[in-house]
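Participant: Here are the chains, one letter per residue:
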Amino acid sequence: MFENQSKENEAILTRLAPGPLSRRKVLIGGGVGALAVLAAACGSDDEDTASSGDPTTTAEEPSESESESESESESESESESEGASGDLAVAQLAASLEVLAVGTYGAALDAAGSGALGEVPPAVATFVTTAMEHHQAHLDAWNEVLVAADMEEVTDPPEDLKAMVDEEFGKVKDVVGAAQLALLLEQTAAATYLAAIPELMDEAAIGLASSIHPIDMQHAAVLLFVLGEYPVPDTFAQTDMAYSA
Amino acid sequence: MLSIDDGKLKELIVESKDLQADALRDTHSTMADLREIGAARKGRPVDLDRIKAYNTSRRDLLKKGGFGFGGLAARGLLGGAFGSALFGIVAKPASAQADVDIQILNTASSIENLAIATYGAALTLDFIQANATVTAFATTTMEQHTEHSKAFNAQAVALGGMEQTETNTKYQSVVDETLPTLTDALKVAEFAAVLETVATQTYVANMSLFEDKESKTIMASVMGVEAQHLATLRAVAALLSNDLGELVVIPTDVAALPDVAGSVAFPQPFEGTEMASPPEEGAVK
Chain A
160 MFENQSKENE AILTRLAPGP LSRRKVLIGG GVGALAVLAA ACGSDDEDTA
210 SSGDPTTTAE EPSESESESE SESESESESE SEGASGDLAV AQLAASLEVL
260 AVGTYGAALD AAGSGALGEV PPAVATFVTT AMEHHQAHLD AWNEVLVAAD
310 MEEVTDPPED LKAMVDEEFG KVKDVVGAAQ LALLLEQTAA ATYLAAIPEL
360 MDEAAIGLAS SIHPIDMQHA AVLLFVLGEY PVPDTFAQTD MAYSA
Chain B
1036 MLSIDDGKLK ELIVESKDLQ ADALRDTHST MADLREIGAA RKGRPVDLDR
1086 IKAYNTSRRD LLKKGGFGFG GLAARGLLGG AFGSALFGIV AKPASAQADV
1136 DIQILNTASS IENLAIATYG AALTLDFIQA NATVTAFATT TMEQHTEHSK
1186 AFNAQAVALG GMEQTETNTK YQSVVDETLP TLTDALKVAE FAAVLETVAT
1236 QTYVANMSLF EDKESKTIMA SVMGVEAQHL ATLRAVAALL SNDLGELVVI
1286 PTDVAALPDV AGSVAFPQPF EGTEMASPPE EGAVK
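In order, the protein sequences belong to chains A and B. The opening position of the first sequence corresponds to residue 160 in the numbering used here, with each subsequent residue numbered one higher. The opening position of the second sequence corresponds to residue 1036 in the numbering used here, with each subsequent residue numbered one higher.
Isolated chain A (complex conformation) (with noise of 0.2 Å):
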């Protein structure tokens, strides 16, 4: 019955997401002093191997002479600024999609709550109720970064995902709709942290993700045997459904 559902998630997900996350479409705003903010909130030692002049944590291209050397350090600036500002706007994307998350979890409690979902069976009442515990807590972790780097925090979801999500919720007249949406949710916030890990600069920024995407793995997973199918069925995780601003 559910066979086809994560082809019918890229499916929908394919309509509102271009393309891959990518450096150039996080980057926004930011800059060196956002980085410092941000490195200090974070607890990171980024300064410390920025001027240590390491080559391993710098420029990517050989420079030919020394006349090159000013210009591959102007680069290497350029680059930390890109950094700083990549990892601000990774977690608001990350932010937005939490408060998605939250969102939606708390309208199916709410749905629930109403009947308007029929008999809901104990373990998936637990399973959103955690969820959306969850999903606040991985808010909540990315709007202190945020506000630390002298930024305003996320209260809105992506505008374009919500409208699709809503949609999709409208639909919804039972626990196993709701467990669908759920699962299409938790499968685009994996893959955009997944698709977002090897992006960031900043160790603090870089733990903090690779923390949350297991959760949202695991999530699906249930979600994946709630719904009848293999809780693993990839051997490697995909970034086919992650979401882009």
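Calculated directly from the structure, the hints in this document are not laboratory data. Please note that the accuracy of each hint is not assured.
[Said to hold, decoys possible] Below, computed lysine to any residue pairings styled on SDA-like, alpha-carbon distance capped at 20 Å:
(1) Lys332/A to Ala1290/B
(2) Lys1248/B to Gly272/A
(3) Lys1185/B to Pro392/A
(4) Lys330/A to Ala266/A
(5) Lys1248/B to Asp399/A
(6) Lys332/A to Val1289/B
(7) Lys330/A to Gly272/A
(8) Lys1222/B to Asp1161/B
(9) Lys1222/B to Ala1273/B
(10) Lys1185/B to Asp393/A
(11) Lys332/A to Gly272/A
(12) Lys1222/B to Gly1280/B
We have chain A; now place chain B onto it with these hints.
Facilitator: Only chain B this time, still in chain A's reference frame:
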């Protein structure tokens, strides 16, 4: 200044292309970039600051007694020789002996190899064979760990290192001590969950240690899958411990699942690193 020997680079590309094609068919790595990174990184010194930071982080976690140990203690798994051995292993610091990225990849393969061997041993047990769903899970999980080990080994070679074909020596001794005590499916699930926790948390910790982006991408794609193995094992263990083994089937009777089945698979909102193996633990000497 870095220089790249084009001839050797081409040799490296040809030599490791077959390995990568087999192991990374699902990840679709960008091979040319990967080889360039591997050639450029070969022979680089270890970043001592990163190892220092890693050890500091580990000490802090051990002082605080992280969730992993608390969870194990609550289930009585830290009380015996197994617990003592496990704590001693986790408490070992990282050292600077070779390129950290290659060490990390070797250690990951050693953990994967251990998982393969352990699931293989579990599959020979009568009470495991008696449950078709558990058998299918163990078989599939063993196959997935095999692919993970291949991927890590291929990447280690691409970075100029060697394949790790042995099991993790320190955890192998734990497995050797524990296997004879696994007398029912619940104990097997709980023990397998410990190994999956070690794998998951090791990979979480490694995400901020890697210098090489491709290595990070590969390990990140494995990290979440190990977390799903762990979640499944936790759920199975919860059902078995509540005498609900009949619900360990796909599809299951969702209405009959106890409420704990909705939360036991993910006891915390953030994955920890308390049981992470240090980079050098499974490095090829």
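Participant: Against which earlier hints does the structure fall short, listed by number upward?
Facilitator: As far as the earlier hints go, only 2 is violated by this structure.
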